[in-house]
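Sequence order for the protein chains is A, B and C.
Once you know that position 355 of the first sequence is 337 in my numbering, the rest is easy, because the numbers rise by one and skip nothing.
With positions in the second sequence counted from 1, the corresponding number in my numbering is that position plus 377.
With positions in the third sequence counted from 1, the corresponding number in my numbering is that position plus 1139.
Think of the hints as simulated: they come from the structure by calculation, not from any bench.
Mixed in with the good hints, there may be bad ones.
Only part of the chain C face toward chain A is listed, based on derived beta-carbon distances under 10 Å [as the list claims (entries may be wrong)]:
| hint | residue |
| --- | --- |
| 1 | R1215 |
| 2 | N1219 |
| 3 | P1250 |
| 4 | P1253 |
| 5 | R1290 |
| 6 | A1291 |
| 7 | H1295 |
| 8 | A1300 |
| 9 | G1420 |
| 10 | P1422 |
Virtual Cβ for every residue (Gly too), placed ideally from N, Cα, C.
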Amino acid sequence: MNALELTGIRKRFGAVAAVDGVSCAVAEGEVLALVGENGAGKSSLISVACGLYRPDSGSVRAFGRELPPGDPRAAIEARIGAVHQHFMLVGPLTVWENVVLGREPRRRGFIDAARARREVAEGAERCGLAVDPQARVETLGVAAQQRVEIVKQLWRGARVLILDEPTALLSPQESAALLRTVRALAEEGRAVVFVSHKLREVLDVADRIAVLRRGRLVQISRRSETDADKIAGALIEGPATAPEASARQGERGPVLLTVRELSCASDRGRPALRGLSFELQRGEILGVAGVDGNGQSELAEVLTGLRRADGTASLGNDVSFHRSPAAARRAGVAHLPEDRQRRGLCLPLSVEENLALGHHALPPYARGPLIDRAGRREKARELIEGFDVRPADPLARAAALSGGNQQKLVAARELAGGPPPRLIVAVHPTRGLDPFAARRVHQALRAARDRGAGVLLISLDLDELRALADRILVLFEGRSAGEAEPEAGDDRLGRMMLGQEPARA
Amino acid sequence: MPDLRARLFRPARDPAWGAAAALLASFAVSFVAMAASGRDPVDGFGHLLSGAFGGPGPLGETALKTSILILTGLSVAVALIVGLFNIGAEGQLIWGALAAAVVGRLEVPGVMLLALLAAALAGGAWGLIAGWLKVRRGVHEVISTILLNWIAIHLIQGWLVPGPLAATGSGAHVSVAGTEAIQRGAWLPRLWPGTRLDLGFPLALLIALGVWFLLSRTRRGFEWRAVGAGPDAALAAGIPAGRRICEGMALSGALAGIGGALLILGTEHRYPGVFRTGYGFDGIAVALVGGGSPAATAIAALVFGALRAGATRLQLVGIHPSFAELTQGLAVLLVAAPRMFQPLLARLRGRDAVPP
Amino acid sequence: MNLVLDFAAPLVFAALGGVLSERAGVVNIGLEGMMRFGAFGAAAGAIASGSPWIGLACGALAGAAAAALHALLSLRFRANQVVSGIALNLVALGLVTYLLQSIFGSAGVSPEAPSLPRDRFGHTALAYAALVVPVLFQLWLSRTPAGLRVRAVGEHPRAAATLGVRVLPLRAVCVVCSGLLAGIGGATLSVGILGQFDARMPAGQGFMALAAVVFGRWTPLGAAGAAFFFAAADALQRHLSLTLHAADLRLDGLFLALPYALTLLVLALGIGRTRAPAADGIPYDPEART
């Protein structure tokens, strides 16, 4: 009998069909992988499966019984548990409170806290997942929070475990540990739905692989009957993306950015950078690798003037270019921020206004203290065409654009909207983008490098760093853990990211 | 006529139509409420209309009230533009009123302009406090402006006006007298003999025009809007977001302060001992119905101004003027929840979709 | 100092209402309006029935009904919660005056209403309840399953929803109960203290309760403590104006401004890191795409 069976699921958001008639099933003891580009409907499909979304049509069955649509409780009772991409944890509560929430053990009307703590500790130990039940969740790191999520579902007796992009924020070693846990859970007889877009992981862990494209199921096959090429072919319409040559065209120029002993604190007041030093040359893409939270975000913020730091960073001879965002911008620093919706765009404003943002005091956007409406419109049309922003409407609200087009909008503005940038700080520039939008952004970064700009590319995606960077700098606990050539293997980069490879002289 | 229908049923998407629908609906509900309490609603609304528009006197009253509401409405709207919800127009207004009453007593040429300026400064300063607290201290402006309102009310009306600034001769126990009268030269000239219409009305319209120009045509206005639309993105783009928020709140307070000055220089001619305006709170309603656009805010101010002016006539048929507040509250209620109309519209559309 | 307990009771109830609503993630600027409905409902109910206890129940229900409107607007129709609260205050201002005049023929005060019995210290049962309820509320919030769910829903509603907690119904119940408490606070003013309804009620007490919520860092005991502190400042002012003839100096305004100024100061100095619940004021859309 199938543990979870989806039949003819359809779900629309406004005019967009997120899931368009998908049927699939997973049996006990089996790992089913769901792969697809961004926006292919993976997240919507699993949200239907665990009752968060009510499907427009179709049915969800668990162990043969049909579940009422759009009822998360029914899904939980049917022992379906999901670990979402964005963790569903309440930060200020403790680990055990998060685990028992909604099914609290009671004693005389109060929560039986002692029992809850004991059970959570025992449950975690049984699965080999180390967590402290008393810790407040917001003080834990990403991998630990994920363990809390899994323990939470297991404590609730989940027989079907849905994992949505579980490795997105983990280091290679942490990912490997997770994949082992997943296999172990399946061998215990649980059904696992593993959502990912990383083909290697999927081929490692899955028994069967289902490929989604534009809300439809285009292929489902046993692991033994498929391979990476077949899946990639089903994943992407038209010709598969061929790896592009990254060869630099111009010669590497003189040193552009010198960072010496840079230190700063994180938002929580803990040390984030601890004496980081490196150099970046003109016409070079320097990749920055590292497990999330080792100072990458703070480094980008320091260089773009958004965060104060000790130590020196000089752009050419300018040592105070990062005293404020405005100063950094005047010095020729462009920024593709980590959180493009919050930091990159004013979502309620129009596309043309967003394209002018930051350059809005300069021609052709302004004439003296007034806005040059005609000039701004014309420039906007030019940028929209150059970066293929869709819809090609300067008056569309930025909020109405898809994630990929929003990123193209930010890239258009930062790379071509104003005077040519000297230093480009790009943080996870293709996170959440489909391969086409990602390629567009990569092209733009390469083009900027070839014009002589220096690019600091911060990414968690090793494949992206390899494809794009001329050198890779690995950050560990706010310091350099050394540099590697783009050809370095996963093990070596992984060890450096975990601080186990001594930095080379 | 699919064209007309498309236009009629735009309200769900178009805020201007949504606001108009909300206004109409709130009038309809008050109409029913009037009938339910045993009065003749047609008669009542007749009095309301004649009290607002029936002749020069009522027209003057409507214009007078409209001009104050334009200013307090713009005050709230400008704060919304920079992303802050200014509940504090009332406090800013009474500081402006007090400043106008104090400066208006000076025997200097151009005292009227000076009083207006002082009111703008006083209101602006009070607004700036909330902006500064938000930017520097992370104090939510809804909380701080509520607190600042009550601080202003108690300081001015519980201490300054009956105490240090009380008119001499009014005596310690005749606190209703208020402050000393202002100079004749500070009075806003009346524009229409026989009515109370004064220079305040054209002045308010001119200010509304200025605010519109500032917001939609200048770089600074663009920066304000960017900060309101996405403070982090504006900051990352090199706009000093904190400073822009403070500027916006100062302008917001200055507008409310000028509103207070119009009351003092136009009609009261002193800071009265009993001064319950409510214009600051009504400004919130005006701005919300106006949806943050200066032009729509002016129109909403006209509607509520007429309602306020007309409501005084309702007493003739035994209805308390608080009726105006009721209608206004209902309008905000309905504007607040545009989704309320969606099922209704969907049903209307659905019915239309069936071919006859 | 006997006055403190009497003055504090309405503030305590309204502030607890504010804590409940905001901990569940719904901003409640409408406390003032809910108190007003409660005060009027209690007076009207007591006059009609002749019993102050029935009046108290009517007041609580009137507050709850007003809160139900806030819940409907802000939860069902996802209105901005601040706007919805302001609208509620405006409606309360107009409608209650309108009803006062329609029912009792006066826009100033209602006829005298039967008021709650007082013990030999001159306190009503509500004054003592104001001492006990905050403690019970604190225990409930921190130790019971329902309390845990309320805290979770105010911090991260989607997380709670994935675990089967029904976010919107839970928030609705909290908002309605918040109105119930604010209504009792209002009733304390009319059938508890004054013995009639005055058109000016609650004269800013709802906003002062809101200040107490913030001052008390969104905890029941903190908010109640702040309410007592504010009431003490008020009592002190009255005491001084009687003994020192401060009335002639017209300093009452300074004293009345004090609680607000202190709250602002505490916020401005960031004493003890005041932090609102993370999801406070953010409408929850169960179908939103994450």
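Take the shortest C-beta to C-beta distance between P1422/C and chain A; is it under 10 Å? 16 Å, violated
Is the interface hint for P1250/C satisfied, with its Cβ closer than 10 Å to some Cβ of chain A? 44 Å, violated
Report holds or violated for the interface hint on G1420/C, using the least CB-CB distance to chain A and a cut-off of 10 Å. Nearest chain A Cβ about 17 Å off; hint violated.
Verify the interface restraint on P1253/C: the C-beta must sit less than 10 Å from at least one C-beta of chain A. 36 Å, violated
Given N1219/C as an interface hint, is the shortest Cβ-Cβ distance to chain A below 10 Å? This hint is violated: N1219/C lies away from chain A, its Cβ roughly 14 Å from the closest one there, beyond 10 Å.
Hint status (Cβ of R1215/C to nearest Cβ of chain A, threshold 10 Å): 16 Å, violated
Once the shortest beta carbon distance from A1300/C to chain A is found, is it less than 10 Å? Constraint on A1300/C satisfied, holds at 6 Å.
Any CB of chain A closer than 10 Å to the CB of H1295/C? At 4 Å from the nearest chain A Cβ, H1295/C passes the 10 Å test, so the hint holds.
Is the shortest C-beta separation between R1290/C and chain A less than 10 Å? 7 Å, holds
Could you check if A1291/C really has its C-beta closer than 10 Å to a C-beta on chain A? 5 Å, holds
Comparing the model with each numbered hint stated earlier shows that hints 1, 2, 3, 4, 9 and 10 do not hold.
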